[in-house]
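S.K.: Chains A and B are the protein sequences, given in the same order. For the first sequence, position 225 (counting from the first letter as 1) is numbered 225 according to this note's numbering, and the numbering increases by one without interruption. Just add 1000 to the spot in the second sequence (first one is 1) and you have this note's numbering.
I should point out that these hints are in silico values taken from the structure, not numbers from a laboratory. Every residue gets a Cβ at the ideal spot worked out from N, C-alpha and C, and that includes glycine. Careful: at least some of the hints might be erroneous.
Cβ pair distances, simulated, as ranges [as the list claims (entries may be wrong)]:
1. Y56(A) - A1048(B): 35 to 43 Å
2. L281(A) - T1053(B): 52 to 60 Å
3. E1173(B) - L281(A): 40 to 48 Å
4. R96(A) - S1130(B): 33 to 41 Å
5. E1173(B) - V163(A): 53 to 61 Å
6. A1086(B) - V33(A): 24 to 32 Å
7. L1074(B) - L60(A): 41 to 49 Å
8. A4(A) - D1136(B): 42 to 50 Å
9. T1005(B) - G74(A): 41 to 49 Å
10. L1203(B) - P129(A): 30 to 38 Å
11. Y56(A) - S1130(B): 53 to 61 Å
12. S183(A) - A1086(B): 42 to 50 Å
13. P1234(B) - V163(A): 36 to 44 Å
Quick partial rundown of chain B residues pointing at chain A, CB under 10 Å, derived from the structure [as the list claims (entries may be wrong)]:
14. G1010
15. L1071
16. V1075
17. L1079
18. L1095
19. M1114
20. V1146
21. V1178
22. W1205
23. V1249
24. S1269
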Amino acid sequence: MKGAAEERAAWMLATPALLGMAVFILLPFAAAVALSLTDARLGSPLPLHLVGPVHYLRLLTDPGFLRALANTAGFAAAAVPLQTGLALALALAVNRETRASALARTLFFLPVVFPLSLVSVLWTLLYAPSGPVARVLATLTLGVWQPGDVLHDPWLALPAVLVTSVWQGAGFQMVILLAGLQSIPDDLYEAAALDGAGAWRRFRSITLPMLRGRLVVVAIVTSILSFRLFDQVRIMTRGGPDGATATVVWEAVRAAFDQAQLARGSAMSILLVVAVLAITLAVGRLRGEEA
Amino acid sequence: MSRRTRRALGAVAVLAAAALWAAPAGLMVLGSLTPNDAVLARLGGDLANGGVTFANYADVARRTDLAANLLTSLVVNGLIVALGLAVNSAAGYALARLEWRGRRVVLVMVTAIMVVPFEAIAVPLFAGASALGWRDGWLVQALPFVAQPLAVVLFWAYFRTLPREIEEAAWVEGAGIVRTFVSVVAPASRPAFAAVGTVTLLLQWGMYLWPLLMTVHEDVRPLPLGIATLYGLPPLAWGDVLAYGVVMVVPVLVLFVIFQGAFLRGVASTGLGR
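Could you build the full structure based on these sequences and the hints that come with them?
M.R.: What follows is the structure, encoded as structure tokens:
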């Protein structure tokens, strides 16, 4: 049974998926690396020339790209604590075995089934100058703050996009954290309560440490998704106003397709992978150290 | 305040927050039932404005390629989920339960590939696929998303927890390894298939960038592109756009209501990470 037969069966089972990943992930990735070092243009019949790391050097001094990089990093820096914290709050709020909790859970999860393109269109309407968001904000601040056209405001456009990301994604992460909460044995809390630990103390010394692994995963996923930000930017703001919502992926797609600069777009894509890899390693390390 | 009142107040507060959270979805439905020229006023607070009409749905069916877009989304996502479950479960099983040379290396590679975002390979993938003349089809929209490292890892994590006895009984009866996987292990793992399948659908249903690059004709485009087109197409009719949005969410919502357990288990399992 064992040995050669097992070896053959294993390869038979694994090959389709491995082949798919090789063709549709590894190969294009290698191609992106190679293209980024050439002068390739989209649809150009001219032969390719190897030009070395020129595109990378240019990108790192290009104010437009640096702006997009800063926007993306800032977006991630805000999204990670905000979305992880909110998801944790939601998970704690609905962690009960009651009908009300089950209903609340479903409502918080609802936006997760909304595609980002729909979220973009829907929130563009909600953000309209006389729309519900402006109305609610004006009422809450007793008319002091009239937000106006947030998507065309250089300071508010990116935060407005951030709200849509959080709204669509927090429910997904709530479910991840909820599963973590439910795997914490009750007797830990009971023992702590007997020892006189208050609610805050129990949260600090039982809930948080027991959830650490999942919180780290949630933080990694949120930062990766932040770096992939594209759909909302394309539909809601087209990178504007004046570059205020331009992101790395937005710039890469624009370079490669609108300007036919395949090589430059590929270089941006590689920088995106490097950024994602760096974040994953950094946050993953945090997990290793503190666990 | 007694403990019971406090509990009840807490529940009311949580429900109120949840209702507020879901309000944009409610406004979408309300707007979709409002005459186009009254949508802005109604969502801006004038709730009584406009009455209820289904004209927007009829409009959308007439003005757009809604039926074709819906069909594309259903077929493409059906292909991704069905083919994906087949190949990714098989690979996850081989990695979790079988001894073979290269197993460890492959496992590390598959995990590492997870950090390559699709957006980063879209450009060369587009260049390659267009060089092959692959535009405008259903298959080209689905194939790049069939083999997924995340799905392989989820299956791997699940199969590792199965008791050995499941396979041994079949092996004793003389069934081969592949046969055992297909006819014994896979049927016993239905919850895992449901969970990974629903997560795959959740992550792919909104796919926008790839079809944006790979399709030219409106009628082979999926719903997420369709709504962006409708929104960008003057004259902007908000009621129509929202009606389109409702149609877009309903299929996944129906699946969610039927398979709620599988959805939540699937989403929760992605949190286990490495």
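S.K.: Decide, hint by hint, whether the structure agrees.
M.R.: Status of the hints after comparison with the structure:
1. Y56(A) - A1048(B): 35 to 43 Å: 59 Å, violated
2. L281(A) - T1053(B): 52 to 60 Å: 55 Å, holds
3. E1173(B) - L281(A): 40 to 48 Å: 47 Å, holds
4. R96(A) - S1130(B): 33 to 41 Å: For S1130(B) against R96(A), whose Cβ atoms are near 53 Å apart, the range 33 to 41 Å is violated.
5. E1173(B) - V163(A): 53 to 61 Å: Given a distance of about 58 Å, which is inside 53 to 61 Å, the answer is holds.
6. A1086(B) - V33(A): 24 to 32 Å: With a Cβ separation near 31 Å, A1086(B) and V33(A) satisfy 24 to 32 Å, so the hint holds.
7. L1074(B) - L60(A): 41 to 49 Å: Holds, at about 44 Å.
8. A4(A) - D1136(B): 42 to 50 Å: Holds, at about 45 Å.
9. T1005(B) - G74(A): 41 to 49 Å: Check passed, 44 Å falls within 41 to 49 Å.
10. L1203(B) - P129(A): 30 to 38 Å: Hint holds: Cβ distance 34 Å, inside 30 to 38 Å.
11. Y56(A) - S1130(B): 53 to 61 Å: With Cβ atoms ~25 Å apart, the hint is violated.
12. S183(A) - A1086(B): 42 to 50 Å: 30 Å, violated
13. P1234(B) - V163(A): 36 to 44 Å: With Cβ atoms ~27 Å apart, the hint is violated.
14. G1010: Interface hint status for G1010(B): holds (8 Å vs cutoff 10 Å).
15. L1071: Interface hint status for L1071(B): violated (16 Å vs cutoff 10 Å).
16. V1075: 16 Å, violated
17. L1079: 13 Å, violated
18. L1095: With a closest approach of 7 Å, the L1095(B) hint holds.
19. M1114: At 8 Å from the nearest chain A Cβ, M1114(B) passes the 10 Å test, so the hint holds.
20. V1146: 5 Å, holds
21. V1178: 5 Å, holds
22. W1205: Holds - the Cβ of W1205(B) comes within 10 Å of chain A, reaching about 6 Å at its closest.
23. V1249: 6 Å, holds
24. S1269: 8 Å, holds
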